[in-house]
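2 protein chains.
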Amino acid sequence: MKKIINAPETLVMEMCEGMQRAHPDKLVFIAKSKIIRRKTLNADKVSLISGGGSGHEPAHAGFVGEGMLDAAVCGDVFASPSTIQVYNAIRETKSNKGTLLIIKNYSGDCMNFDAAAEMAEEDDGIVAERVYVNDDVAVKDSLYTVGRRGVAGTVLVHKAAGAAAEKGLSLAEVKAVAEKAIANVRSMGFALTSCTVPAKGTPTFVLSEDEMEFGVGIHGEPGTRREETVTADELAEKLLDCICPDLPFTAGCETAVLVNGFGSTPLQELYLLFNSAAKSLEKRGIKIAKSYVGNYMTSIDMAGASITLMKLDEELKELLSAPADACGFKC
Amino acid sequence: MKKIINAPETLVMEMCEGMQRAHPDKLVFIAKSKIIRRKTLNADKVSLISGGGSGHEPAHAGFVGEGMLDAAVCGDVFASPSTIQVYNAIRETKSNKGTLLIIKNYSGDCMNFDAAAEMAEEDDGIVAERVYVNDDVAVKDSLYTVGRRGVAGTVLVHKAAGAAAEKGLSLAEVKAVAEKAIANVRSMGFALTSCTVPAKGTPTFVLSEDEMEFGVGIHGEPGTRREETVTADELAEKLLDCICPDLPFTAGCETAVLVNGFGSTPLQELYLLFNSAAKSLEKRGIKIAKSYVGNYMTSIDMAGASITLMKLDEELKELLSAPADACGFKC
Chain A
1 MKKIINAPET LVMEMCEGMQ RAHPDKLVFI AKSKIIRRKT LNADKVSLIS
51 GGGSGHEPAH AGFVGEGMLD AAVCGDVFAS PSTIQVYNAI RETKSNKGTL
101 LIIKNYSGDC MNFDAAAEMA EEDDGIVAER VYVNDDVAVK DSLYTVGRRG
151 VAGTVLVHKA AGAAAEKGLS LAEVKAVAEK AIANVRSMGF ALTSCTVPAK
201 GTPTFVLSED EMEFGVGIHG EPGTRREETV TADELAEKLL DCICPDLPFT
251 AGCETAVLVN GFGSTPLQEL YLLFNSAAKS LEKRGIKIAK SYVGNYMTSI
301 DMAGASITLM KLDEELKELL SAPADACGFK C
Chain F
1 MKKIINAPET LVMEMCEGMQ RAHPDKLVFI AKSKIIRRKT LNADKVSLIS
51 GGGSGHEPAH AGFVGEGMLD AAVCGDVFAS PSTIQVYNAI RETKSNKGTL
101 LIIKNYSGDC MNFDAAAEMA EEDDGIVAER VYVNDDVAVK DSLYTVGRRG
151 VAGTVLVHKA AGAAAEKGLS LAEVKAVAEK AIANVRSMGF ALTSCTVPAK
201 GTPTFVLSED EMEFGVGIHG EPGTRREETV TADELAEKLL DCICPDLPFT
251 AGCETAVLVN GFGSTPLQEL YLLFNSAAKS LEKRGIKIAK SYVGNYMTSI
301 DMAGASITLM KLDEELKELL SAPADACGFK C
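Protein sequence lines correspond, in order, to chains A and F. Per the working numbering, residue 1 is the first one in the first sequence, and the count goes up by one each step. Per the working numbering, residue 1 is the first one in the second sequence, and the count goes up by one each step.
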């Protein structure tokens with residue numbers, strides 16, 4: 001294993017310290033609970049909290065900032081943060097308008113975020129509503145989930161809900177926006193290589209030189225099937241053939257498209273995949289109103305990518321287009 | 001070779017098409033000359049053009065936008081764009097205030113950008129001044145250069161000169177800013193793995209599991225020496241031990257620090273390296289006024305990173321802090 005680290009045990013802590021040192025005017029790192037929060041909080045807007053296992057950078061700490069999250073809770077690599085960590089994040093960002101937790105649908109995360117919300121309500125009288133992102137069309141139930149997994153679409157939920165919260169909407173309204181975003185977002189990914197979890201030190205799985213894992217999860221968990229690699233055009237077609245019928249996305253609908261790298265995919269390949277996807281969507285009559293290309297929800301150093309589509313109405317389009325200032329997000 | 005492409009021959013063209021399709025409100029791709037330019041040009045500001053071989057994405061097309069470049073000329077992977085391509089870019093972005101070419105110091109780039117500037121002056125009466133970025137402290141002369149190589153520091157030169165041009169400064173003034181930025185910027189990098197040039201299909205070099213190439217170039221060209229891998233803290237120390245004495249950067253000086261990934265390095269490792277560098281700079285009494293962490297000047301899919309330091313005076317600090325809107329740049 002070749003990594004720029006000091007030791008696997010201190011990786012998450014040092015990475016979070018690095019984020020704070022790099023963005024001292026915008027972020028505060030609370031080491032005790034591994035929370036990254038905005039430096040300047042606004043108690044008159046709904047507080048938005050997300051998080052989960054580390055290893056998905058810039059998710060989620062890179063999405064803390066104006067127009068997006070108020071705090072991100074960082075678990076160990078690919079491990080949910082504890083109930084206490086999440087509880088502390090809720091208290092740290094307490095708002096007069098209440099709190100919304102945006103949770104990726106993994107059993108561990110759901111359990112710990114739910115328990116933290118209940119504690120905050122019982123002990124501190126803080127109302128903490130929850131939404132669960134489950135955009136991955138690859139698998140219905142998986143190693144770590146009941147129901148679908150939450151993957152890159154989560155970022156667009158952060159963006160839409162973040163803009164709604166920044167506008168001063170009520171907790172019920174922000175939650176409704178998040179739920180609408182979740183109901184309209186779908187993703188599908190593939191891996192060309194495995195990630196290597198630092199504490200393990202060896203790749204999670206091995207693919208031969210002409211294989212890809214189709215429908216892979218963001219923790220290196222298995223996808224739907226192992227297949228031969230294909231061209232970028234064929235790949236985009238295959239991914240969209242899984243995504244489009246699911247919602248469905250049909251001719252005439254307007255979308256946001258996110259081509260998300262898994263960590264070690266060069267940007268040149270991501271733009272090329274976006275190009276292939278855009279051509280395929282055009283043939284399907286599906287319009288692209290917003291585009292995002294880059295590393296948003298990674299799987300440490302996995303090579304591969306996912307495509308996310310969000311179906312937009314006027315409200316979602318306006319919220320995605322609102323300004324945001326988070327170190328890991330490009331509008 | 002596992003890559004998300006259709007064919008090596010069409011990669012650059014399709015990638016550029018993808019950039020335009022992703023950012024249609026901001027970028028125009030002129031396919032004939034492989035130029036990416038701003039959609040809206042302003043003839044009353046100095047035009048800034050950069051470019052070079054492809055494979056360094058987001059450099060340079062990702063830095064086209066308000067507050068940065070007006071156009072980027074895209075060569076084939078790791079090959080200089082031709083004289084005619086650069087000449088067409090100069091004509092495409094003709095301004096009443098003249099043009100500045102920001103060139104990374106490689107023999108091929110210097111020759112072609114220089115010849116294009118001369119053609120533009122002789123044939124069209126366009127004044128196109130040039131500056132040459134040579135921030136890499138690793139090697140004095142190299143495979144592809146007379147003098148030092150231009151690497152990640154180029155991005156900060158784009159930013160400073162771009163902000164100066166946007167303010168409406170004259171060509172001489174913008175050139176002076178660029179030259180000051182170049183005089184004050186130094187970089188040093190290392191590779192943990194080689195890149196794979198698509199047309200070749202195999203890695204440029206091979207490192208064993210405990211080796212790194214110290215002082216590597218951004219085309220996979222050899223560095224100063226092959227060494228054993230070390231911890232992130234030791235790595236930051238070694239890189240800064242090369243960079244700091246060179247200018248020199250001494251106690252009390254203010255800097256911008258860029259930790260730049262080479263393409264397949266996870267963001268978690270880049271923030272960790274930034275953290276190590278920040279601790280080392282603090283011990284040296286060197287202040288960090290601006291920070292950048294991410295993929296800015298890559299080497300396709302190389303694993304590794306570089307550290308860039310720019311010594312700041314009030315003018316450079318103000319210019320780096322000015323707003324910029326380019327799809328590959330995070331302020």
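Check each hint, because a few of them may be wrong.
[Unchecked claim] Below, simulated EDC-like cross-link-like pairs (lysine to aspartate or glutamate); rule was C-alpha separation at most 16 Å, straight line:
hint, chain 1, residue 1, chain 2, residue 2
1, F, K330, A, E66
2, F, K2, A, E227
3, A, K2, F, E66
4, F, K279, A, D325
5, A, K2, F, E254
6, A, K290, F, E66
7, F, K39, F, E9
8, A, K167, A, E17
9, F, K180, F, E66
To be clear, the hints were calculated from the coordinates, so they are not data collected in a lab.
Here's how the hints hold up against the structure:
The suggested pairing of K330(F) with E66(A) holds, with an alpha-carbon distance near 15 Å, which does not exceed 16 Å. Between K2(F) and E227(A) the alpha-carbon distance is near 13 Å, which keeps this suggested pair within the 16 Å criterion. Annotation: proposed proximity of K2(A) to E66(F) is violated, straight-line Cα distance about 38 Å (limit 16 Å). The hinted pair formed by K279(F) and D325(A) fails the criterion: a straight-line CA distance of about 26 Å is larger than 16 Å.
Pair hint K2(A) plus E254(F) does not hold up; C-alpha atoms about 32 Å apart against a cutoff of 16 Å. For the proposed pair K290(A) and E66(F), the alpha carbon gap of about 19 Å is over 16 Å, so the pair is violated. Restraint check: the Cα-Cα separation between K39(F) and E9(F) comes to about 27 Å, which exceeds 16 Å; the hinted pair is violated. A hinted pair counts as satisfied when its Cα atoms are at most 16 Å apart, and K167(A) with E17(A) does not qualify at roughly 30 Å.
Using a Cα cut-off of 16 Å, the hinted pair K180(F) and E66(F) is violated, with the two alpha carbons roughly 21 Å apart.
Checked against the numbered hints given earlier, this structure breaks hints 3, 4, 5, 6, 7, 8 and 9; the rest are met.
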